[in-house]
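Per my numbering, the sequence shown starts with residue 182, numbered consecutively.
Errors might be hidden in some of the hints.
[Unchecked claim] Quick list of in silico lysine-lysine cross-link-like pairs, BS3-like style, CA-CA up to 25 Å:
id : residue 1 : residue 2
1  : K285      : K245
2  : K438      : K485
3  : K415      : K510
4  : K465      : K478
5  : K432      : K245
Derived by calculation from the structure, the hints in this document are not laboratory data.
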Amino acid sequence: MSGNAFEGSMNPGTAEDQKKIHLWLESIIFRFFHVWSPVNCQDMLKRYEIFELCLRTRELFWSKPLYREVEVPVTIVGDIHGQFEDLKMMMDMNGWPFSEDEAKEMYRNMVTKNRKDIKVQLPATLGSGTDRQKGPKNYLFLGDYVDRGPHSIEVVLMLFAMHLRWPDRVTLLRGNHESRPVNRQYGFFGECSRRYSERCENDFCRGMRIEGFRVYEVFQLAFNVMPLTAIVNKRIMCMHGGISEELYDMKQLDALKRPLDTPDIGIIADLTWADPETEIEMYKESPRGAGKIFGAKAVDEFCKHFSLDLIVRAHQVVQDGYEFFADKKLVTIFSAPFYCGQTNNIASMLNIDSDMVASFMLVKPVTEIKENLNVGEKAEEENLQ
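Could you build all of it, start to finish, from the sequences and the hints given here?
Pasting the structure below:
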């Protein structure tokens, strides 16, 4: 990683070192939402920056438990699957994880080189909309950042940078696609190889896209230590897949040794792979071949055991952006609109406010938004008090 301004220990060191790291992270975030375009995406980040981001994020993940405690207010986001433009549009509609003052300071640092005599006028994509709070938004992402969509690398790196810069505002969970056997097959490996390839000339690796493979592997180092579940205000449990009949105490997750592969059975498999099923009451082997399917009675018993009001999960495309199950004790959210360019689905984000009132923001694809800008909708509210 030659040329890296932060070579050596991943520890932030002095206050001055920490400030440099923050400025570096802010420069990455700034590039992604103010400079990035599909045309120049290849020139956005140097390889050493990708390695630095992934390794620092890995260390931060590993320093925290596999289950995270999150406070309200918070916005919960489901599958993204490489749809970077949709992710930026959704966060611009809902609010960014930084305040307007922080955005101005970031913009000043990046554009005016911190000259105080220049009045900062924020670009539209950095301003606060009329329906947005002035302060920063808190986010909880449920995984499946990569595969299938065109810009998985950007999705992961922007979220990693935000998590590193504001770890209490941006929480990232692991999905089933944040594992080598899955993302090697469904597009992420190909994206890394295609965009960061240098062909090796020796006989051992002739024709292999070795540099792209290294980039791909450093992402896996971070994925393999990601948290698996989060509890919002001790009353809402969130994960990518679903509940597990083998999970009866959160301390079980503390006993798991990282780095973790995603097995086909057990707690990890269920939290990343399991699905609700209307035709059964309890648990059954999943036709996916990993994790289990579970019924409404299983959800009811799980909620009673952990004193939960609601379970929020992702993992499945739902046509209207969200879908309730088990008498509204569980909800599935999906946050990739017009999924894969083939499924005419709406996406949603779930907002939980300070009073534990839940509301859904429904989002149409970017292609439709360009034709009709009035697309941000709030769906029904649920009072979780």
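- K285 paired with K245 [C-alpha distance capped at 25 Å]: Violated, because 31 Å separates the two Cα atoms, which is more than 25 Å.
- For the pair we were handed, K432 and K245, check the Cα-Cα distance against 25 Å. holds (13 Å)
- Message: Against the 25 Å threshold, does the CA-CA distance of K438 and K485 hold or violate the hint?
- Response: Not OK: K438 and K485 at ~28 Å, beyond 25 Å, violated.
- Message: K465 and K478 were given as a pair; does the straight-line alpha-carbon distance stay at or below 25 Å?
- Response: Distance of about 13 Å is within 25 Å: holds.
- Can the restraint linking K415 and K510 be considered satisfied, given a maximum Cα separation of 25 Å? It holds: about 15 Å lies between the C-alpha atoms, which stays within 25 Å.
Consistency with the previously given hints fails for numbers 1 and 2, ordered from lowest to highest.
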